[in-house]
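Can you make the complete structure from the sequences, with help from the hints?
Heads up: the protein sequence lines correspond to chains A and B, in order. Going by the numbering used here, the first sequence opens with residue 1, and the numbers climb by one from there. Going by the numbering used here, the second sequence opens with residue 1, and the numbers climb by one from there.
It should be emphasised that the hints constitute simulated quantities derived from the structure, not laboratory data. Treat the hints with caution; some may be incorrect.
Unchecked claim - With a Cα cut of at most 30 Å, we get these calculated DSBU-like pairs of lysine-lysine:
1. A:Lys202 to B:Lys79
2. A:Lys376 to B:Lys73
3. A:Lys273 to B:Lys73
4. B:Lys89 to A:Lys83
Keep in mind the model is a prediction, meaning the values are calculated, not measured.
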Amino acid sequence: MLNIGKERVPLCDGTSRRSFLQVGSAAMLGLSLPSFFRLEANGAVKANDTKINNCITIFLVGSPGQLDTWDMKPDAPAEVRGKFKPTQTNVNGIQICEHFPMMAKMMDKVALIRSLHHRTGATHENGQRWMMTGHDFNADSVKPHMGSVISRVFGQKGELPCNVVLPGPIGNTGAGPLHGQTSGHLGSAHEPFFLNSDPASKDFKVGDLDVAQGPTGSRLDARKQLLTQLDELQRRTESRSTQMHDSSYQRAFSLLTSPKAKQAFDLGLENEKLRDRYGRNTFGQSCLMARRMVESGVRFVTVNHFDTVFNLSCWDMHADGGGLNNTYLDYERLLCPQFDMAFTALIQDLEQRGMLQNTVVAVLSEFGRTPRINPKGGRDHYPNAWTNFLAGGNIKGGQVIGSTDKIGSRPNDFPIEPPQILASIYQAMGINLDTTMMPGPGDRPVRLIEAEPIRQLFS
Amino acid sequence: MEQKFEGSPKSDIRIEGNKLIRSEVSDDWGSLLRWVITQDGKEISMHNARPDLSYAHKIVNKGKYEVVLHMWKYVDYKKDAKGEFINSKFVEVSNKITFTI
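Right, here's the structure in full:
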């Protein structure tokens, strides 16, 4: 039985609306896909064709150590420089870790920012909020994720949502539920659309659009029957609000039945060799999905490399012997190779399709890791210095912005704070930060971010 | 979300002179891929096979050698007291070839 206002609509074969249209993370957030479209119908979200560049952010949950990846110090003492060696890239004078051999061959497309730091506590959540909202924690005003800002200001430009997170939201990283991947004060219409499914899985289905199989007949038939029932309801009721509601459901079901949406989510349409090139793993296939999303009209995609830091191989290299027991072995055997393949495949794929110039690729993380290796052989959280990087859009690759001291413990020159990274991403997307505003708390117009872009990235 | 790894990786390898050559890996898990050269069952050389499709070995000592590609198979991150993985391990993902110096 479907309830719309006071009307109760029986569904075919006893299928409930919830089982018919299962809404994963959106339901968790209290926002169903039809709700999203209803808000759009009410003018909260505007679909338009504004020409800005797209953005794919790769968020390395747990955070790689700067000294073991993109800011190596081979001349530092052994307890600082770590176990890995630097390798020369295709740009004179720029070296990165030996375990990124493919990235080393395309450093001319990448701008490393080695003097990134923030001044708040060394929790994952602090770093996540800084890097995805540009703001410190504020319980009274939860700040929106970059993708939500893009959604609010520029709207969606096709049948797919504006702001997509793959493969799912960040979950438990130790210190609370606020990870900077919500729409905050911009409202639920601009929540990210979470895929909530593993694109590397053989039985991959899109979690937020999972249409349950009815007991009889095809799923498409069931959809059509439901739409017929909604049409009947619309004829019986005249109020504008109900028409909007119906329209919202129509849009949701249009998305479900849209060949374009279906194709966008179908990795089976990709060349098998290209799928191999990205890596047949959750992260690699998510990066490939990100390209498909952008290709299909999604403006902002976030790929979370892991959704937790506990009890799995991830970048959070404490080597604590317990639930946070990642070590150099995890980096060498799994994490670095997996990132190297997927990131370089994405850059190469975007370039070959002529999409790199209008797609910004940002690789972000929460913080750095302690310059000195801890007694158990790991490195702990360290927000005083780390390296992130940008490529694509109008970013000038083949350069390093800023540097750290001899042991990678603090910025040596050109210190950069997280809001400057967000401002740079917006600028790389072609957004004029001086003229573009969004509604702040209380609908007061505010800038997208209170910081200036890093000019050197564009010169 | 636990990482999923699709399929079983496979690569074909051959040797030309001292150059070991591999094909692209199908169903590539994307983890560490390395050339492993053994003599009498003992590993004498390992080299990262990701950077290129070929690798020129530098073995000069006389003898018969066997070559195969290994890839890291991630099962879980559990490690023993010495820090070695318990369940995750390297697996062979290619044919084996031999050469004699």
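Evaluation of the provided hints:
1. A:Lys202 to B:Lys79: holds, 28 Å
2. A:Lys376 to B:Lys73: Since the Cα atoms of A:Lys376 and B:Lys73 sit roughly 24 Å apart, the hinted pair holds (cutoff 30 Å).
3. A:Lys273 to B:Lys73: Satisfied, since the Cα-Cα distance of roughly 20 Å is no more than 30 Å.
4. B:Lys89 to A:Lys83: holds, 20 Å
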